[in-house]
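S.K.: Sequence:
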Amino acid sequence: MTFDSLPTERRIIAPKPGAVAAAPGQPTVVVGKTTRAEELRRQLADEIVRGALPPGAPLDETEIANRFSVSRTPVREALRQLVTSGLVESRPHHGAVVAKPSFERLSGMFEAMGELEAMCAGYAAERMTPLERRDLEAIHDELRMLSHQGNPERFHDVNERFHNAIYAGAHNDHIAEITLATRVRVQPFRRAQFRNLGRLAKSQAEHDRVVVAIMRGDRTAATAAMRGHIALVRDEYEIYAVSV
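One point on numbering: in our numbering, the residue at position 231 of the sequence shown is 229, and numbering is uninterrupted.
The reader is advised that the hints may include incorrect statements.
Stated by the list, open to error - Estimated spans, in silico, between C-beta atoms of each pair: (1) Asn64 - Ile173: 37 to 45 Å; (2) Arg125 - Ala199: 39 to 47 Å; (3) Val68 - His146: 39 to 47 Å; (4) His146 - Ser69: 45 to 53 Å; (5) Asp206 - Leu129: 17 to 25 Å; (6) Arg89 - Val68: 17 to 25 Å; (7) Arg89 - Arg65: 20 to 28 Å; (8) Gly93 - Asn149: 40 to 48 Å; (9) Gly84 - Ile237: 46 to 54 Å.
Worth flagging that the hints you see were computed from the coordinates, not collected in a lab. Using N, Cα and C, we set each Cβ at its ideal position, and we do this for glycine too.
All chains should be built: construct the whole structure from the sequences, respecting the hints.
M.R.: Pasting the structure below:
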């Protein structure tokens, strides 16, 4: 199983009328035409996740409607869906804004993310196939080159593949889906920390400890290395947040 082909902003689809039950281990597929509101939701979610719409950015219904040449009705529905997902906050008398959680809530989100990713890394150390291990090493090598080039945007994109490979390598679809859903909530903050001076090289070194442990089949070391990596991601975001 691979998660690279799935949209970044959502991996879990709740069954609904018109949905076809997927084979075990695969997401439910919804049959029927995608609504304009759903298309808008996906587009806006992608921009939030990529950092094009930063935390705290206002989301004006009229402006979005004009931008996409639609009425305000699908925009309103798309924003409602984004509020439900946690990517957007609705503030009385101030409209919708890209979510900017409190320090305490963000710390809790990173803490949950660290435990989930650590679990995936631990299982991956025990369960990854030889081919999956080779693929992980190849992605790791690509990230090493990008860290030398100093390209944070490209590094972030390949970094997604790195973590996705570990989720898939855990061979537990349920845990992988929960981890992906949680990552959506912290994605804008994970992306931002790559702008810190020297962060790419540090991230690569942290990844190296994770990869070495997985290649050795050391579940305990892989779990600890990944937990430590996500804790440092949180620390680096805090450094970034103070600087802007």
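S.K.: Next step is simple, just say for each hint if it's right about the structure.
M.R.: The hints, checked one at a time:
no.	hint	verdict
1	Asn64 - Ile173: 37 to 45 Å	holds (42 Å)
2	Arg125 - Ala199: 39 to 47 Å	violated (30 Å)
3	Val68 - His146: 39 to 47 Å	holds (44 Å)
4	His146 - Ser69: 45 to 53 Å	holds (49 Å)
5	Asp206 - Leu129: 17 to 25 Å	holds (21 Å)
6	Arg89 - Val68: 17 to 25 Å	holds (23 Å)
7	Arg89 - Arg65: 20 to 28 Å	holds (21 Å)
8	Gly93 - Asn149: 40 to 48 Å	violated (35 Å)
9	Gly84 - Ile237: 46 to 54 Å	violated (24 Å)
Checked against the numbered hints listed earlier, the structure breaks hints 2, 8 and 9; every other hint is satisfied.
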